[in-house]
Every structure is written in structure tokens, then in C-alpha cells.
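A.B. asks: Given the sequences, and given the hints that come with them, work out the whole structure.
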Amino acid sequence: MHGELLQAFQACAADLRRFFTGRVRCEQMAADLTQEIYLRLARIDQPHLIADLRSYLFRIAANLATDHERARQRRAALVNDEADWLAVPDRAASPEQALLAKEELRLVEEALHELSPLCRRIFFLNRFEGLPHGVIAARLGVCKSTVEKNIARALNHCRERLEDPERRPPSGCRRLIRLFHREDD
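Last residue of the sequence shown: number 184 in numbering that gives the first Met the number 0, and the count goes up by one each step with no gaps.
Since the hints were derived computationally from the structure, they do not count as laboratory data. The model shown is predicted, which means the values in this text are computed figures rather than measured ones. Do not take every clue at face value.
To be verified - What follows is a set of in silico ranges between Cβ atoms, one per label pair, in the way DEER data are often shown: (1) 14 with 151: 34 to 42 Å; (2) 117 with 59: 20 to 28 Å; (3) 68 with 45: 24 to 32 Å; (4) 38 with 69: 18 to 26 Å; (5) 21 with 116: 35 to 43 Å; (6) 112 with 6: 43 to 51 Å; (7) 109 with 5: 41 to 49 Å; (8) 120 with 74: 16 to 24 Å; (9) 50 with 24: 26 to 34 Å; (10) 123 with 14: 28 to 36 Å; (11) 10 with 113: 42 to 50 Å; (12) 58 with 27: 21 to 29 Å; (13) 68 with 105: 33 to 41 Å; (14) 50 with 109: 50 to 58 Å.
We put the CB at the ideal spot given by N, CA and C, even for glycine.
C.D. replies: Right, here's the structure in full:
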């Protein structure tokens, strides 16, 4: 990392952490997000083009806090969806329904294991950890378009497996398909 960037980061690190703590209400997450700023700074090639390093650091922090909140809301929505499923009166699953659900889960697991390791990792970070494309790209050291293409590839592959008439279980238990149909793709 360039010396002036490191100095600016070190001078602002405590303030950045306090900023994050106020926004995300979690000291550990604030520490993680502060570290994420450091990692992003390490990838800057031309720091001399940044006029005000402190403002730049806090703009990154504001963007990361916003991304974190969006991911938190996505996770909360998934929990609410699950709560909605659980709120339906439980009529104990018949052995047939349980078998259908297991088969559908097996198909999804099989489809995910057919993906490349990078594609599978990107998909898990997006769908299960709720990370936005830009954060995934930064974390894995790939460009954002690579993330977008791999998510699309994973979604299409899983949809095809779940919709393949020769492989798909009979209708009745198709909850997992919701993972592969999201508006934010």
C-alpha cells in the first residue's frame, strides 16, 4: 500500500470504526468493515488522484455501511419468508412429501456441485451471505462482471436442473426454486 494511503487510513481508523459502530450497531462488524476499507485501499494504483483522502475514506465507509444494511435487509426478508412458511399450519409432512423435498434438495446440491468452484463460491456469497456483487468482486479479487456472469450462470444452471422433466421431482414441494428467482439479479 502507498505510504500516504496507509497514513490516512491509520489516522482515520478509529473514526471509521466509530462511524461503522454507529451505523451497524455491532463492534465486530465495524472492525470487519474498517478492515475492508484497508483492503480496498491496498488495490488503489494512483492515490495521487485522490484530492481529499479523509473524505474518500468516509465515502468508502458510507458505501460499505449501505451495502451492509442492504444485505441485512435481504437476510431479514429471507427469515420473514421462512417465518411465513412456518406460520402455515403444520400438517405433518407425509412420507411422500418428505421424499419429494429431499429429492429436490438433492437436485439443487447436485446442480451446485456441477458448477466451477469460483462460480459456486460467488453464488454462495451472494445468495446465502447476501453480499452485493461489488463486495464479492473485491473479496475474491475478480471484476464485477465476472461476479454477475457467474451468478447468472449458477442461477440458470440450477433452474435448468429443477425444471428438467427427467430430473425434477413431481410437483408438490418446490420451495427451493424461490432461491433462483429474485428480482435483484
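A.B. asks: Return the numbers of the hints above that this structure violates; sort them in rising order.
C.D. replies: none
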